[in-house]
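Letter by letter, the sequence shown follows residues 0 to 331 in numbering that gives the first Met the number 0.
Keep in mind that the hints are not guaranteed to be accurate.
Unchecked claim - Pairwise CB distance ranges (calculated): (1) Ala208 - Lys102: 47 to 53 Å; (2) Ala208 - Arg287: 38 to 44 Å; (3) Ala308 - Ser210: 39 to 45 Å; (4) Glu272 - Arg85: 24 to 30 Å; (5) Asn263 - Pro204: 41 to 47 Å; (6) Asp209 - Ala113: 41 to 47 Å.
Just so you know, these hints were derived from the structure itself, not from any lab.
For every residue, glycine included, the Cβ atom is placed at its ideal position computed from N, Cα and C.
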Amino acid sequence: MHRGVRASKQLRVSFSFGVAVGSIGTLLALYEDDAGRRLPTPHPDARPSLPHQDTVLVAHPATRFGFPSLSNVKVREGYVLGYDRRLRNAAWVAEYITVDSLKKSDDVNRLKAAFKADTSTPEAFRVSPGDYLNSGYDRGHLAPARDMMSSSQESVNESFLMTNISPQVGKGFNRGYWSRFEGFVRHIASSYGGAYVVTGPLFLPTRAADSDTYEVRYPVLGTPGNAIAVPTHFFKVVLVQKPSGEYLAAGFILPNQSIPDQTNLTDFLRPIEYIESVSGLLFFDQLRHVPPPAGGRPVATKQLCNDIACTLPAAVEYKNAVASKSKGHQSH
């Protein structure tokens with residue numbers, strides 16, 4: 000939980016279902032920051048069906064500034080995600096990483112966790128670990144298990160649910176550049192005391208070989224009817240808050256392919272508005288509801304990479320650092 004942010008684990012609220020317009024009334028649960036300002040956080044309606052129905056919705060620090068979407072939302076101990084049943088990938092996974100959450104607990108062991116089907120997903124859209132067998136792709140975490148090594152074994156176990164997994168190129172990406180990128184995000188969280196992170200797959204168009212048109216092409220695992228889409232790219236959006244109250248953010252899009260170790264991370268830096276456009280998601284949109292400081296301007300975000308060097312550690316240095324910190328635990 001963000002320091003100074005207080006919210007109950009469960010909030011009982013009511014929602015209204017607008018039959019005429021086919022929309023759900025949005026309700027906001029309120030947090031407080033260190034200055035005592037009330038900060039709104041929306042919560043998804045778990046079962047939008049009957050008018051004036053009561054339901055229990057779970058508060059989670061990862062969604063303090065909004066849900067990227069409200070489709071098939073699943074709340075876990077260490078992350079929140081929205082699942083795309085058609086593509087059999089998460090559309091987005093949100094985390095709140097803190098200094099405390101990155102500390103390793105002796106009671107938590109990644110080696111005790113195993114990939115498992117998410118039984119909360121209807122069977123028709125459910126992915127099993129065996130679906131990746133002999134596919135040539137890694138089962139890549141979207142919310143890394145390493146981010147949850149301090150909380151509980153259950154939190155780590157939940158990171159291995161297949162709804163948190165996407166097909167990723169192994170050598171040079173999941174077991175290379177992407178892994179180093181995840182380590183850099185943990186460095187950001189450590190540097191600022193915490194970081195809000197949203198990660199997800201993308202399916203981006205490329206120019207057709209024989210015309211000026213664009214097309215989206217991607218392989219799938221399995222057969223039509225139950226196929227798992229292989230993303231062309233992955234995005235990651237990061238938001239932090241400085242002690243002064245200033246918000247900093249950065250967005251990245253990386254291709255799902257082997258990336259040379261020496262490639263600059265800033266080559267993948269993209270405007271957050273662009274990532275919203277190609278993903279169909281909204282990131283931290285509730286920031287606009289945060290009251291400005293007395294006499295100050297409305298809250299706005301500045302470029303994170305202007306405040307911290309957005310560079311990855313050298314591959315050899317990173318591997319040595321992981322080996323020295325793991326102490327027998329396999330690291331992701």
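### Task
Indicate whether the distance between the beta carbons of Asn263 and Pro204 respects the range 41 to 47 Å.
violated (24 Å)
### Message
For the hint 38 to 44 Å, verify it against the beta carbon of Ala208 and that of Arg287.
### Response
Taking Cβ atoms as reference, Ala208 and Arg287 lie about 43 Å apart, which means the hint holds.
### Message
Verify the CB-CB distance for Ala308 and Ser210 against the hinted window 39 to 45 Å.
### Response
holds (41 Å)
### Task
Take a look at whether the Cβ-Cβ distance between Asp209 and Ala113 falls inside 41 to 47 Å.
holds (46 Å)
### Message
Given the hint of 24 to 30 Å, is the C-beta distance from Glu272 to Arg85 inside that range or not?
### Response
holds (25 Å)
### Task
Mind checking the hinted window 47 to 53 Å against the Cβ distance between Ala208 and Lys102?
50 Å Cβ-Cβ, so the 47 to 53 Å window holds.
Checked against the numbered hints above, the structure breaks only hint 5 and satisfies the rest.
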